[in-house]
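> Sequence:
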Amino acid sequence: MKRILLPAGGAVLATGLLAAGLAGAAQADPSVDPAALAASEKQAAEILDFWTKSDGEALRGATAYYWDNKNVDKIVQKGGYVADGKPGLKEPIGAEKKVAVKSQNVNLPKSVGKVFFEGRDGKLYWCSGTSIQSNYRNLVATAGHCVYDIAGNDEVVSRWVFVPGYYQGKAPWGIYVGKQAFTHYDFSTYEDFDRDYAFVTVYNGVGGVLNQAVKVTYEEYKAAQAKGQATDIKATEVDVKEYEAAVKDPTKYPYYDMKPGTAKKVTGPDYPGAVVDRLEVSKETYETAAKKGTGKGTGLIYGDPIVEQVDQATWDAYKGLGDKSKDAAGNLLITHYYVQEWFVPGSDAKYYRLDYFVFQHVIKDVGRLGDNVGGQGFAWNQPTGKYVRTFGYPYAKHPDGSKPYSGVTPKWCYGKTGAKATKVPSLKIEEHISLKCAVTGGYNGAPWLLKYSNAKRMGYVNGVTSVLYDTDNNDRWDYMSSPYFDGETAAVYNAAANMASGSIIPKGDS
Numbered sequence: 010m011k012r013i014l015l016p017a018g019g020a021v022l023a024t025g026l027l028a029a030g031l032a033g034a035a036q037a038d039p040s041v042d043p044a045a046l047a048a049s050e051k052q053a054a055e056i057l058d059f060w061t062k063s064d065g066e067a068l069r070g071a072t073a074y075y076w077d078n079k080n081v082d083k084i085v086q087k088g089g090y091v092a093d094g095k096p097g098l099k100e101p102i103g104a105e106k107k108v109a110v111k112s113q114n115v116n117l118p119k120s121v122g123k124v125f126f127e128g129r130d131g132k133l134y135w136c137s138g139t140s141i142q143s144n145y146r147n148l149v150a151t152a153g154h155c156v157y158d159i160a161g162n163d164e165v166v167s168r169w170v171f172v173p174g175y176y177q178g179k180a181p182w183g184i185y186v187g188k189q190a191f192t193h194y195d196f197s198t199y200e201d202f203d204r205d206y207a208f209v210t211v212y213n214g215v216g217g218v219l220n221q222a223v224k225v226t227y228e229e230y231k232a233a234q235a236k237g238q239a240t241d242i243k244a245t246e247v248d249v250k251e252y253e254a255a256v257k258d259p260t261k262y263p264y265y266d267m268k269p270g271t272a273k274k275v276t277g278p279d280y281p282g283a284v285v286d287r288l289e290v291s292k293e294t295y296e297t298a299a300k301k302g303t304g305k306g307t308g309l310i311y312g313d314p315i316v317e318q319v320d321q322a323t324w325d326a327y328k329g330l331g332d333k334s335k336d337a338a339g340n341l342l343i344t345h346y347y348v349q350e351w352f353v354p355g356s357d358a359k360y361y362r363l364d365y366f367v368f369q370h371v372i373k374d375v376g377r378l379g380d381n382v383g384g385q386g387f388a389w390n391q392p393t394g395k396y397v398r399t400f401g402y403p404y405a406k407h408p409d410g411s412k413p414y415s416g417v418t419p420k421w422c423y424g425k426t427g428a429k430a431t432k433v434p435s436l437k438i439e440e441h442i443s444l445k446c447a448v449t450g451g452y453n454g455a456p457w458l459l460k461y462s463n464a465k466r467m468g469y470v471n472g473v474t475s476v477l478y479d480t481d482n483n484d485r486w487d488y489m490s491s492p493y494f495d496g497e498t499a500a501v502y503n504a505a506a507n508m509a510s511g512s513i514i515p516k517g518d519s
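Heads up: the sequence shown begins at 10 in the numbering used here, then just goes up one per residue.
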């Protein structure tokens, strides 16, 4: 296995942000380079707030992280791989419920998600990654370049979080803030892509973090508006009695509103939306209309007069437009005359009770990553030429400008890894393994799962997507490669797998 020689006198670790407990891990194996991503719970809480405020606007605004792989002008595949020890396996944890398998793309593991971070250029990016088993169920596997900004000053990126099952700003199993990143010294110091992998410990997940509507008083609502916070009003219809009783009290008045009704509006027969009805008129008006004929726009006649027989009190009190008369038998009669009328209907007044809301962070500790989504196993010093399945979030364009992926949902590739070593001199790559897969940027960091069970949705992480290639020169990526996971990879993994994280929310808070 290739090793980059250290300068005489020893090497200085590339990062000075080491937590006290990490120094021992680095001393135990000089190939392990640990670095802090969020060294305190307070810093982790600030990172969480950054990604979740404004209803997860930052999450939705991030873009796929990749670099211009067209600069890879020479790829060589020859020779094979020499393991530096015996093959090893760490079993997965939290296998999902078995389901019937009908096709290869039925069951996506919920352990896979997006890694979000801020680059040294101040822009927001994502890579792919997966939960992987560890002693404290708090570990994520991804590519090294999704932790270290190799295009900048070879420093760890900022505001690193992992969101398993991410979908359009939603975090179904919580958001996990990165605490410590473990990479190989040759990658963090020399940008050696043969070591382009990282294992990141994360704090307990936080759920319910995306903004939720919280009911508040009118005064709190107005104060939130003044600060530019997102607000909302919910109106519930009530009867007039409740409304009139409430508005008499000045303290209740802001919590009620009224929408006035409208009177029926008489129009012409051709008015859009008008409906026809009858209008009572005097005998003279009726007879005048009758002389003009009947029908729409002519005489406006609405049927024959209606004769109503009434009692003496009604007959005496009647002062309407109709004619009062008596028949031969002495019955008291009122004759009503009607013409047609076109009108726009009116509406009744409506009364509402108003409830005021402010969108706030409502958060709770949802526990450890591995307890919520499980953790893939880990494999090293395995033979090549074996079938693997990979899952990730491609998004970027192909070199020819085509863009077949949205980055919204994870995609997969399946096939045998190459038996020959992939060599790329420009990236110091001498021992990558390859896989035919036509994905694009954003798939970086995607796990390569050996012995994947589609029923259990579990396998063994035996690689991560590092570099994409256009091997047939048609301006479309068609291959990708991963570092070969050997004993030194296992050393980096083991250092991370034995580090605890804890919670960023004090007990009792929510």
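Among these hints, one or two may not hold up.
[What the hints assert, rightly or not] Listed next, the in silico PhoX-like pairs over lysine-lysine satisfying Cα-Cα at most 25 Å (straight line):
no., residue 1, residue 2
1, Lys268, Lys243
2, Lys292, Lys268
3, Lys445, Lys406
4, Lys292, Lys273
5, Lys373, Lys273
6, Lys119, Lys359
7, Lys333, Lys51
8, Lys335, Lys83
9, Lys300, Lys268
10, Lys261, Lys250
[Unchecked claim] Distance windows between CB atoms, simulated:
no., residue 1, residue 2, range
11, Ala358, Val316, 29 to 39 Å
12, Tyr280, Gln177, 26 to 36 Å
13, Asp258, Phe352, 54 to 64 Å
No lab work stands behind these hints, which were simulated from the structure alone.
No residue lacks a Cβ here, since even glycine has one placed at the ideal position from N, Cα and C.
> Now tell me if each hint is right for this structure.
Status of each hint after checking the structure:
1. Lys268 x Lys243: holds (15 Å)
2. Lys292 x Lys268: violated (39 Å)
3. Lys445 x Lys406: With a Cα-Cα distance of about 18 Å, the restraint between Lys445 and Lys406 holds, given a limit of 25 Å.
4. Lys292 x Lys273: At roughly 24 Å apart (the allowed maximum being 25 Å), Lys273 and Lys292 satisfy the hint.
5. Lys373 x Lys273: violated (55 Å)
6. Lys119 x Lys359: violated (49 Å)
7. Lys333 x Lys51: Measuring from Cα to Cα gives roughly 90 Å; hence the hint is violated.
8. Lys335 x Lys83: Distance of about 114 Å is beyond 25 Å: violated.
9. Lys300 x Lys268: violated (44 Å)
10. Lys261 x Lys250: holds (14 Å)
11. Ala358 x Val316: 29 to 39 Å: For Val316 against Ala358, whose Cβ atoms are near 37 Å apart, the range 29 to 39 Å holds.
12. Tyr280 x Gln177: 26 to 36 Å: With a Cβ separation near 46 Å, Tyr280 and Gln177 fall outside 26 to 36 Å, so the hint is violated.
13. Asp258 x Phe352: 54 to 64 Å: About 39 Å separates the Cβ atoms of Asp258 and Phe352, which means 54 to 64 Å is violated.
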